[in-house]
Amino acid sequence: MLAFIIRRLAQSVVVMLFVALIAFIVFRYVGDPIASMVGVDTRLEDQEIMRERLGLNDSVFVQFFRFIGNAAQGEFGISYRLQQPVTELILSRLPATIELAVVSATIALVFGVIFGVYTALRPKAWSSAGIMALSLVGVSLPTFLIGIGLIYIFAVELGWLPSFGRGEVVDLGWWRTGFLTESGLKSLILPAITLSLFQLTLIMRLVRAEMLEVLRTEYIRFAKARGLTQRAINFGHALKNTMVPVITITGLQLGSVIAFAIVTETVFQWPGVGSLFIVSVQVVDVPVMAAYLMFIALVFVLINLVVDILYYVVDPRLRVDGGAGK
Amino acid sequence: MTEPLLSVRNLTVEFPTRRGILTAVQDISFDIMPGEVLGVVGESGAGKSMTGAAIMRLIDRPGRIAQGEVILQGRRIDNLPDAEMRKIRGRKIGMIFQDPLTSLNPLYRISEQLIETIRTHLPLSETEACKKAVGLLDDVGIPDASRRIDDYPHQFSGGMRQRVVIALALCAGPDLVIADEPTTALDVSVQAQIIDVMKRLCAENGAAIMLVTHDMGVIAETADRVAVMYAGRIAEIGPVRDVIKDAQHPYSSGLMGAIPRLGANLERLTQIPGSMPRLSAIPKGCAFNPRCPHVMDKCRIDQPQAVQTAPGRRVACWLYPPQDGTTASAERQSAE
Numbered sequence: 001m002l003a004f005i006i007r008r009l010a011q012s013v014v015v016m017l018f019v020a021l022i023a024f025i026v027f028r029y030v031g032d033p034i035a036s037m038v039g040v041d042t043r044l045e046d047q048e049i050m051r052e053r054l055g056l057n058d059s060v061f062v063q064f065f066r067f068i069g070n071a072a073q074g075e076f077g078i079s080y081r082l083q084q085p086v087t088e089l090i091l092s093r094l095p096a097t098i099e100l101a102v103v104s105a106t107i108a109l110v111f112g113v114i115f116g117v118y119t120a121l122r123p124k125a126w127s128s129a130g131i132m133a134l135s136l137v138g139v140s141l142p143t144f145l146i147g148i149g150l151i152y153i154f155a156v157e158l159g160w161l162p163s164f165g166r167g168e169v170v171d172l173g174w175w176r177t178g179f180l181t182e183s184g185l186k187s188l189i190l191p192a193i194t195l196s197l198f199q200l201t202l203i204m205r206l207v208r209a210e211m212l213e214v215l216r217t218e219y220i221r222f223a224k225a226r227g228l229t230q231r232a233i234n235f236g237h238a239l240k241n242t243m244v245p246v247i248t249i250t251g252l253q254l255g256s257v258i259a260f261a262i263v264t265e266t267v268f269q270w271p272g273v274g275s276l277f278i279v280s281v282q283v284v285d286v287p288v289m290a291a292y293l294m295f296i297a298l299v300f301v302l303i304n305l306v307v308d309i310l311y312y313v314v315d316p317r318l319r320v321d322g323g324a325g326k
Numbered sequence: 001m002t003e004p005l006l007s008v009r010n011l012t013v014e015f016p017t018r019r020g021i022l023t024a025v026q027d028i029s030f031d032i033m034p035g036e037v038l039g040v041v042g043e044s045g046a047g048k049s050m051t052g053a054a055i056m057r058l059i060d061r062p063g064r065i066a067q068g069e070v071i072l073q074g075r076r077i078d079n080l081p082d083a084e085m086r087k088i089r090g091r092k093i094g095m096i097f098q099d100p101l102t103s104l105n106p107l108y109r110i111s112e113q114l115i116e117t118i119r120t121h122l123p124l125s126e127t128e129a130c131k132k133a134v135g136l137l138d139d140v141g142i143p144d145a146s147r148r149i150d151d152y153p154h155q156f157s158g159g160m161r162q163r164v165v166i167a168l169a170l171c172a173g174p175d176l177v178i179a180d181e182p183t184t185a186l187d188v189s190v191q192a193q194i195i196d197v198m199k200r201l202c203a204e205n206g207a208a209i210m211l212v213t214h215d216m217g218v219i220a221e222t223a224d225r226v227a228v229m230y231a232g233r234i235a236e237i238g239p240v241r242d243v244i245k246d247a248q249h250p251y252s253s254g255l256m257g258a259i260p261r262l263g264a265n266l267e268r269l270t271q272i273p274g275s276m277p278r279l280s281a282i283p284k285g286c287a288f289n290p291r292c293p294h295v296m297d298k299c300r301i302d303q304p305q306a307v308q309t310a311p312g313r314r315v316a317c318w319l320y321p322p323q324d325g326t327t328a329s330a331e332r333q334s335a336e
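Top to bottom, those sequences are chains A and B. Start counting the first sequence at 1; every next residue gets the next number (the numbering used here). Start counting the second sequence at 1; every next residue gets the next number (the numbering used here).
The shape of chain A in the complex, shown without the other chains (with noise of 0.2 Å):
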């Protein structure tokens, strides 16, 4: 088990280090950012000079090794757009993104798991027809269409829930939650499901088909034979073998919600990370941009690392050589 971990802790490094790599190259070459950085009437003396101060006229090379020292230290330099240090903003941005995420997820991952296993298991019933019918919606609206879709009925015509923003935030510090207060739960709702809707009907698609799959198999005949309730063979032999594929799914997607909660964010003007990465492409902020991408690797790299621990939590058959091994 040791082992494994090392190992797929090795493989995230050399992944890493690609991705580095890539955010370095593309962003080397979308454009001058000095361009623009400067206005019409800045001196050409003083963009060499600025050219110089952030390193711009070094070799290719000496630039990428600075890049990756730089960053495996946390550094990625200061924004040249807002002049902060790069790792800062992102942090002070996380929180956001990170609870709108987590809040995601479990939506998508609660209600998903129990339509899915309902619908599984009145594969002919009419609610589960109606539910069906539904997430194609889910699947096939455009996350942006949804979000203002919900904002004009819920925020515009019902007046229920604010359209825009985080609401109030406590600071604890090192992490400012809106979980606290009345207004920062009540902005969270509107965009969580929005957000959420996709990997919804994702997941509850997947569960349903690995469920009826499961259902069909061998041993669950054989569990019916041995008498067992239809609760015991349901919710423990045939669910438990639908969560395996299901973990996958919900663990990469996961890290989809973090990384495309760009358009959600940009929707309900979150402030998350997403939406600094949306500005940062706008005035070509380099630094934010390549941050930004390093972070959403590395967001896949410890999810998957995650899942495959989870696997062999769930899944007997890979621990290696027998169940004393754990």
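Some clues are possibly wrong.
[Claimed, not checked] Cut-off 35 Å, straight-line C-alpha distance, at most; resulting in silico cross-link-like pairs (DSBU-like, lysine-lysine):
| # | chain 1 | residue 1 | chain 2 | residue 2 |
| --- | --- | --- | --- | --- |
| 1 | B | Lys298 | B | Lys245 |
| 2 | B | Lys87 | A | Lys240 |
| 3 | B | Lys131 | B | Lys87 |
| 4 | B | Lys87 | A | Lys124 |
| 5 | B | Lys199 | B | Lys132 |
| 6 | A | Lys240 | B | Lys131 |
| 7 | B | Lys199 | B | Lys131 |
| 8 | B | Lys199 | B | Lys87 |
| 9 | A | Lys124 | A | Lys240 |
| 10 | B | Lys284 | B | Lys245 |
| 11 | B | Lys284 | B | Lys298 |
| 12 | A | Lys240 | B | Lys132 |
[Claimed, not checked] If you want the footprint, here are the derived chain A segments under chain B, 3+ residues with CB under 8 Å:
| # | region |
| --- | --- |
| 13 | 233-243 |
| 14 | 306-317 |
[Unchecked claim] Over the 12 Å line for every Cβ pair with chain A, so calculated as not near, a few chain B residues:
| # | residue |
| --- | --- |
| 15 | Pro4 |
| 16 | Thr17 |
| 17 | Asp31 |
| 18 | Ile65 |
| 19 | Ser125 |
| 20 | Asp215 |
| 21 | Ala220 |
| 22 | Glu221 |
| 23 | Val295 |
Think of the hints as simulated: they come from the structure by calculation, not from any bench. C-beta atoms are modelled at their ideal positions from N, C-alpha and C, and glycine is treated no differently.
Use these hints to put chain B onto chain A, whose structure you have.
Same frame as chain A, but now just chain B:
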């Protein structure tokens, strides 16, 4: 004459499909006496497994019991509500499936599966159930049972897993075990051991066995009586020795001729020409008529009814026309 443990009366199993109704099992009747081993043989698709599944009410949808009765210890069980039927499965009738590799839930320890099953049916505490489970594993011949009980299914070999399956099927002390091709998926060298274990344990517990297989050798060694099935019907039923020595139905005599025997100086084994018809294309009259060496005009028109030819023996073939005054149903009642 003791009362039969299980009586199947005119059982018919149908599968409605888009192209019409397929009849997988048609109008079959037989009894199983307490402690008896009844072999059921036939080619693939003859309806043997379906008969077992129908008794357990485990037919996959859209299949259904269209007609007939299943009576267990004097009680009709084919029309019981699901909750009642569940109490019979495992407790009164145990079932063993063909493939031990897929019969066990891979994510649960053997101990968990055994204890769960035992405690579903018997009022035992966790520790008592665990003790019983270890005893059962010992009985089915798993060495070092008290340690291995906490292993997962994938840590056992195929033969060992089938032993675990037998332990699971027997753990609530059923009166009848339906073994659906219990050795087909196993190595030939293990088959005999598994049959032995199953037979010994059932004998010790006084449980009857309905042994479904296509292996006449296993039937000859194990069963007291045998039912030969063809295209969803019972062609012939009777004591194993009689059927093997003197098969009356042309199909069963064809089957017997296909058993290799040591010492018999035969150039070739006999072979039944052709193959069993598909369910969607069962010929009119006797289903066996296109392959039968003794086919008569009548066979192509009318389905022969089961006729008693000797005590405890019934054959459905026009070579044995019904005697005057005896109807098929009267035969069935006087059988056994």
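Hints versus structure:
{"no.": "1", "hint": "Lys298/B x Lys245/B", "result": "holds, 27 Å"}
{"no.": "2", "hint": "Lys87/B x Lys240/A", "result": "holds, 24 Å"}
{"no.": "3", "hint": "Lys131/B x Lys87/B", "result": "holds, 22 Å"}
{"no.": "4", "hint": "Lys87/B x Lys124/A", "result": "holds, 26 Å"}
{"no.": "5", "hint": "Lys199/B x Lys132/B", "result": "holds, 20 Å"}
{"no.": "6", "hint": "Lys240/A x Lys131/B", "result": "holds, 26 Å"}
{"no.": "7", "hint": "Lys199/B x Lys131/B", "result": "holds, 23 Å"}
{"no.": "8", "hint": "Lys199/B x Lys87/B", "result": "holds, 24 Å"}
{"no.": "9", "hint": "Lys124/A x Lys240/A", "result": "holds, 23 Å"}
{"no.": "10", "hint": "Lys284/B x Lys245/B", "result": "holds, 30 Å"}
{"no.": "11", "hint": "Lys284/B x Lys298/B", "result": "holds, 10 Å"}
{"no.": "12", "hint": "Lys240/A x Lys132/B", "result": "holds, 26 Å"}
{"no.": "13", "hint": "233-243", "result": "holds (count 4)"}
{"no.": "14", "hint": "306-317", "result": "holds (count 4)"}
{"no.": "15", "hint": "Pro4", "result": "holds, 22 Å"}
{"no.": "16", "hint": "Thr17", "result": "holds, 17 Å"}
{"no.": "17", "hint": "Asp31", "result": "holds, 22 Å"}
{"no.": "18", "hint": "Ile65", "result": "holds, 16 Å"}
{"no.": "19", "hint": "Ser125", "result": "holds, 18 Å"}
{"no.": "20", "hint": "Asp215", "result": "holds, 20 Å"}
{"no.": "21", "hint": "Ala220", "result": "holds, 27 Å"}
{"no.": "22", "hint": "Glu221", "result": "holds, 25 Å"}
{"no.": "23", "hint": "Val295", "result": "holds, 39 Å"}
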